[in-house]
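K.L.:
Sequence:
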Amino acid sequence: MFKLGVITDGISRDFAYALDTMVETGLEYVELQYLWEKQVGELTDADVARVKDLIDARNLKVSCISHHNLSALPVDTAVVAPAYREHITTLQRCIDVAKALGTNLVRIFSFRKEMVLFGAEPIVSESTWSTLLDRLEEPLRIAGDVGITLVIETAISGNVTSALLARKLIDELDVPHLKVLWDPCSSLYCTEVPYPDGYEVIREHIAHVHLKDGVVNLPAATFDFCAMRQGQMDPFYNDIVSALKRDGYDGTISLESVYTPEGGTREDGFRESLPIFMELMEG
Numbered sequence: 000m001f002k003l004g005v006i007t008d009g010i011s012r013d014f015a016y017a018l019d020t021m022v023e024t025g026l027e028y029v030e031l032q033y034l035w036e037k038q039v040g041e042l043t044d045a046d047v048a049r050v051k052d053l054i055d056a057r058n059l060k061v062s063c064i065s066h067h068n069l070s071a072l073p074v075d076t077a078v079v080a081p082a083y084r085e086h087i088t089t090l091q092r093c094i095d096v097a098k099a100l101g102t103n104l105v106r107i108f109s110f111r112k113e114m115v116l117f118g119a120e121p122i123v124s125e126s127t128w129s130t131l132l133d134r135l136e137e138p139l140r141i142a143g144d145v146g147i148t149l150v151i152e153t154a155i156s157g158n159v160t161s162a163l164l165a166r167k168l169i170d171e172l173d174v175p176h177l178k179v180l181w182d183p184c185s186s187l188y189c190t191e192v193p194y195p196d197g198y199e200v201i202r203e204h205i206a207h208v209h210l211k212d213g214v215v216n217l218p219a220a221t222f223d224f225c226a227m228r229q230g231q232m233d234p235f236y237n238d239i240v241s242a243l244k245r246d247g248y249d250g251t252i253s254l255e256s257v258y259t260p261e262g263g264t265r266e267d268g269f270r271e272s273l274p275i276f277m278e279l280m281e282g
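Just so it is clear: in the sequence shown, position 217 is 216 by numbering that gives the first Met the number 0, and no numbers are missing.
Be aware that a few hints might be false.
[As the list claims (entries may be wrong)] Each computed SDA-like pair below joins lysine to any residue, with the alpha-carbon atoms no more than 25 Å apart:
| # | residue 1 | residue 2 |
| --- | --- | --- |
| 1 | Lys98 | Val174 |
| 2 | Lys98 | Asp144 |
| 3 | Lys2 | Gln229 |
| 4 | Lys112 | Gln231 |
| 5 | Lys60 | Ala48 |
| 6 | Lys2 | Asp13 |
| 7 | Lys2 | Arg202 |
| 8 | Lys167 | Pro73 |
| 9 | Lys244 | Gly282 |
| 10 | Lys244 | Met280 |
| 11 | Lys51 | Glu27 |
| 12 | Lys37 | Arg92 |
| 13 | Lys112 | Arg140 |
| 14 | Lys98 | Glu41 |
| 15 | Lys167 | Ile201 |
| 16 | Lys112 | Gln32 |
| 17 | Lys112 | Leu168 |
| 18 | Lys60 | Tyr248 |
| 19 | Lys60 | Arg270 |
| 20 | Lys2 | Lys60 |
| 21 | Lys98 | His204 |
| 22 | Lys51 | Gly101 |
| 23 | Lys98 | Thr43 |
| 24 | Lys51 | Asp13 |
| 25 | Lys98 | Ile169 |
| 26 | Lys167 | Thr127 |
| 27 | Lys167 | Arg140 |
| 28 | Lys244 | Ile275 |
| 29 | Lys2 | Ile205 |
| 30 | Lys2 | Leu53 |
| 31 | Lys244 | Leu279 |
To be clear, the hints were calculated from the coordinates, so they are not data collected in a lab. Model, not experiment: these values are computed from the prediction.
Using the sequences and the hints, build the whole thing.
P.N.:
What follows is the structure, encoded as structure tokens:
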């Protein structure tokens with residue numbers, strides 16, 4: 000049986016309410032992103048103690064600390080620049096929160112996306128990839144020193160948009176504490192086929208999974224979220240889950256509830272997808 004969870008603000012930013020909903024629906028693994036009016040990396044020590052008490056009281060477990068570390072920051076930002084130092088400080092705080100709450104996974108992103116990383120001049124963003132490798136050295140050193148694994152998300156807004164690029168990054172950095180937070184739906188936006196293409200290239204490096212559904216129209220530059228099995232991920236879900244079972248995946252799979260039905264709430268979207276999510280995992 001998989002470890003199943005949810006990003007809690009996909010239910011509600013009222014953290015206690017989100018946890019009660021998890022208990023009601025049978026999800027056990029808490030992924031922390033936004034709680035109340037804060038991102039997880041902004042929590043005070045008193046906040047963290049409160050979070051721990053709320054989680055422990057419900058016998059839940061924390062899967063991943065999912066602040067937007069290294070997101071939206073230009074990759075060529077100097078390591079001494081205040082903006083970069085601020086991200087490093089927040090990352091260190093996320094690591095402290097992870098240790099306090101009993102998880103070894105902290106999410107990072109791959110800086111702000113440049114459109115073309117490789118290819119011919121003049122459109123290629125010259126040296127972006129080598130700069131990305133350089134800018135990840137300090138975060139990886141900090142995490143490695145304290146036994147934390149950084150999971151880099153395959154994200155629309157970052158330079159690592161696909162499983163293919165995530166594998167390239169991992170191969171070139173070659174450290175055991177860098178893994179992949181695989182979001183196959185987001186990678187639809189760079190036209191990667193989730194299965195078998197995406198999965199097969201990173202299957203041994205996946206440490207955390209986000210599942211959601213959506214519809215991409217790349218020429219129109221739109222990405223509309225929807226309930227599970229109502230979008231372009233539907234043909235791939237069963238194969239992905241079967242492959243994860245086959246390969247002995249032992250990380251968490253989080254339902255990423257980002258769909259809000261017309262006239263409804265984020266929780267309504269969560270409840271619409273949850274039965275499909277649970278059926279898929281138990282099938």
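K.L.:
Determine for every hint whether it applies to the structure shown.
P.N.:
Each hint tested on the structure:
In summary, the hint linking Lys98 to Val174 is supported, as the alpha carbons are separated by about 20 Å, within the 25 Å threshold. Taking the CA atoms of Lys98 and Asp144, the gap is about 13 Å. The hint holds against a cut of 25 Å. Of the supplied pair hints, the one linking Lys2 and Gln229 holds, its CA atoms being roughly 24 Å apart against a limit of 25 Å. Proximity of Lys112 to Gln231 is assessed by CA-CA distance (about 23 Å); at most 25 Å being required, the pair is judged to hold.
At roughly 15 Å between alpha-carbon atoms, Lys60 and Ala48 fall within 25 Å of each other, so this suggested pair holds. A distance of roughly 23 Å separates the Cα atoms of Lys2 and Asp13; the hinted pair therefore holds under the 25 Å criterion. Restraint check: the Cα-Cα separation between Lys2 and Arg202 comes to about 17 Å, which is no more than 25 Å; the hinted pair holds. Restraint check for Lys167 and Pro73: satisfied, since their Cα atoms lie roughly 20 Å apart, inside the 25 Å limit.
Among the hinted pairs, Lys244 with Gly282 is consistent with the structure: their alpha-carbon atoms are about 11 Å apart, no more than 25 Å. The suggested pairing of Lys244 with Met280 holds, with an alpha-carbon distance near 10 Å, which does not exceed 25 Å. Proximity of Lys51 to Glu27 is assessed by CA-CA distance (about 14 Å); at most 25 Å being required, the pair is judged to hold. For the hint pairing Lys37 with Arg92, the CA-to-CA distance comes to about 13 Å; that is within 25 Å, so the pair holds.
The straight-line distance between the Cα atoms of Lys112 and Arg140 is roughly 23 Å, inside the 25 Å bound, and the hint therefore holds. Annotation: proposed proximity of Lys98 to Glu41 holds, straight-line Cα distance about 15 Å (limit 25 Å). For the suggested pair Lys167 and Ile201, the alpha carbons sit about 10 Å apart, so the restraint of at most 25 Å is met. For the given pair, Lys112 sits about 21 Å from Gln32 by alpha-carbon distance, which is consistent with the 25 Å threshold.
Of the pairs offered as hints, the one joining Lys112 and Leu168 holds, with about 15 Å between alpha carbons and a cut-off of 25 Å not exceeded. Taking the CA atoms of Lys60 and Tyr248, the gap is about 18 Å. The hint holds against a cut of 25 Å. This hinted pair checks out: Lys60 and Arg270 have alpha carbons roughly 21 Å apart, not beyond 25 Å. At roughly 10 Å between alpha-carbon atoms, Lys2 and Lys60 fall within 25 Å of each other, so this suggested pair holds.
With a CA separation close to 22 Å, the supplied pair Lys98 and His204 stays within the 25 Å bound. Our distance criterion of 25 Å between C-alpha atoms is met by Lys51 and Gly101, whose separation comes to about 9 Å. At most 25 Å may separate the alpha-carbon atoms for a hinted pair to count; Lys98 and Thr43 meet this at roughly 14 Å. With a C-alpha separation of about 15 Å, the suggested pairing of Lys51 with Asp13 holds against the 25 Å cut-off.
Proposed proximity of Lys98 and Ile169 is supported: the alpha carbons are some 24 Å apart, at most 25 Å. Of the supplied pair hints, the one linking Lys167 and Thr127 holds, its CA atoms being roughly 14 Å apart against a limit of 25 Å. Simply put, Lys167 and Arg140 have alpha-carbon atoms about 19 Å apart, close enough for the 25 Å limit, and the pair holds. Taking the CA atoms of Lys244 and Ile275, the gap is near 18 Å; set against the 25 Å cutoff, the hint holds.
For the given pair, Lys2 sits about 14 Å from Ile205 by alpha-carbon distance, which is consistent with the 25 Å threshold. Note on Lys2 and Leu53: the hinted pairing holds, with a Cα-Cα distance of about 20 Å set against a maximum of 25 Å. Between Lys244 and Leu279 the CA atoms are separated by roughly 12 Å; this keeps the pair inside 25 Å, and the hint holds.
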